[in-house]
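So the sequence lines, in the order shown, correspond to chains A and B. Reading the first sequence from the start, the letters are residues 202 to 382 in the numbering used here. Reading the second sequence from the start, the letters are residues 221 to 604 in the numbering used here.
Since the hints were derived computationally from the structure, they do not count as laboratory data. Ideal Cβ placement from N, Cα and C applies to all residues, glycine included. Treat the hints with care, as some may be off.
Just a few of them, taken from the derived set where beta-carbon distance is under 8 Å, the chain B residues facing chain A [what the hints assert, rightly or not]: (1) Leu-225; (2) Ala-230; (3) Ala-255; (4) Leu-262; (5) Ile-326; (6) Ala-330; (7) Trp-337; (8) Asp-442; (9) Thr-493.
Each chain, written out:
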Amino acid sequence: MPDPAPFDADTVLAAQAGDAAARDRLLAGLEPVLRGFFINRVGKRPAVDDLIQNTLLRVHNGLSDLNNPDRLKAFAMKAALFEVQDLYRGRYGPKETLFDPDILPERTMDGEPGAAVDAERALSLLTTKARRILELRAYGYRYREIAEMIDSTEAAVKMQVKRAFDKMKDVLTALLLLLLG
Amino acid sequence: MNDPLIKALAADHLTAEDRRALRALLDAEPELRTALQRWASLQGLIHQQLEADLPDRRLLVLYALSSSAQASVVSAEERDEVAAVRAEIEEAVQQHPGLRAVVGDIQRAADTFDAEWQAAATRAPSESRGTSAPLPRAADRRATPAPRQRQSSWKYVGWATAAILVAASLFLLWPREPVLTIAEGVPGESTTITLPDGSTALLVDAARITYRPEPAFDRTVDAQGAVFFTVAPGEEPFRVATAAAEVRVLGTAFGVEATQEATEVVLATGRVTLAAAGQEVTLTPGERSRATVGAPPSAPERVDLSERLAWTGLLFFRETPMARVAERLEARFGRMLRVDPALAEERVSGTFAEDATLEEIVEALAATLGARVESDDQALEIRP
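All chains should be built: construct the whole structure from the sequences, respecting the hints.
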């Protein structure tokens, strides 16, 4: 027994067969589901419209590959989840600029002898909580979202980051002095 | 939370005032500046480790779903996919506390989707369920297939001439309002689409592009298949998004071959950036890079443009000696082309449409070199 749906299996089959009206009905039925889902995930942001469009496009493009029309919900759910992952992945790059370049010119540890080993050593100083926050940030979550995930507040999460930095500050500076010396 | 250091460490954006306060702090404490630089590097390292240990986020989603209340949405094929990499994913989740949290978040997101689905099914049963019921609202909003057949002249990049007149099948996807235009090429043919900003996309075979029509066009195009773009200069970057990567440009000409698994970009003129998996490379003319899903783009490599972009039907020269240009033209048109020895080593760059004639090309070349063209029954000749 398939789940109740905003449209029936015949609509899906008709859309797959090229019936434009059925396709429109299908996409129109999906739109409020996606809107509610994405607003729940990322808030009422302009990005929601893009996420909806991209997901509808995934569904539209994959419609012909759907063997069982009752699987549309599963297909749309996965499309929406993949879309959220793409959003996270696109938010921050590996060399995220936390600071204005003219304030803090980028400096990496690439190419410095022993840098990778020292960096690993520095990371090992992080607590599990701090590392989880930094990993989630690197994964693409915002601090507000991280706070919701770990049942905390945004301010508390940022304070955790500050504490982690304070703990590592001397080590980080010492590493540089050691390497330059 | 007015501590400038906290803002520097954990703010999404710094205001001008924040920057001033941070600059003052760092000027007073040079060692702090060093530590912050190191901190930023460590964050980059964390990102790299995550990308290396979990190269495919799609599989993490399927992994999370397969052990959740929504496990039934995972197909048999996907279960096999997950089974093949389960050990690697579990190791990554074990090593990274952040990934453990992500798995839980994906599972909650699936429950949210399920709740929205159920709510929509309950909310409007008479509006959109059942094919025999009248559907006035949906019908009123029906997307009208746009019978627009755009004609576009394929202009030169540099100094090429001639034009291609083609038709495109365009239709609107979005049911409520025309916010998405899809242009599909015709199998076996090349189709040129002129975008709202004047840029053109040459769709080869059944390639497809999707974009917002005027006035909402934001110089962002989704591409699938083999497409050659000539981008009109503009203040906003022009973006081409594919399943595997994103290309950002300002004004240039380049070819994109995009499948669900990989994207290859070959740059003819200008400058583009190819971004994937959180990393990016910048191409200069005559270079190629390729990105597969979940992996960063390959290092740019020099390629023969004519060879790599042969699928466009266009003819490319990039800093090519005239003697070599003559050889290619002879091979393409089957007619002898002589180049005066004084011009043989002169280098030229340009792109010609596939239907440009030999005479048109040679005249353009001669004009570029300040030379003249002579012809007889057997050959064309370029002389100083």
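Now for the hints, and whether the structure bears them out:
no.: 1; hint: Leu-225; result: 7 Å, holds
no.: 2; hint: Ala-230; result: 4 Å, holds
no.: 3; hint: Ala-255; result: 4 Å, holds
no.: 4; hint: Leu-262; result: 6 Å, holds
no.: 5; hint: Ile-326; result: 6 Å, holds
no.: 6; hint: Ala-330; result: 6 Å, holds
no.: 7; hint: Trp-337; result: 5 Å, holds
no.: 8; hint: Asp-442; result: 7 Å, holds
no.: 9; hint: Thr-493; result: 11 Å, violated
Hint 9 from the earlier list is the only one contradicted by this structure; the remaining hints agree with it.
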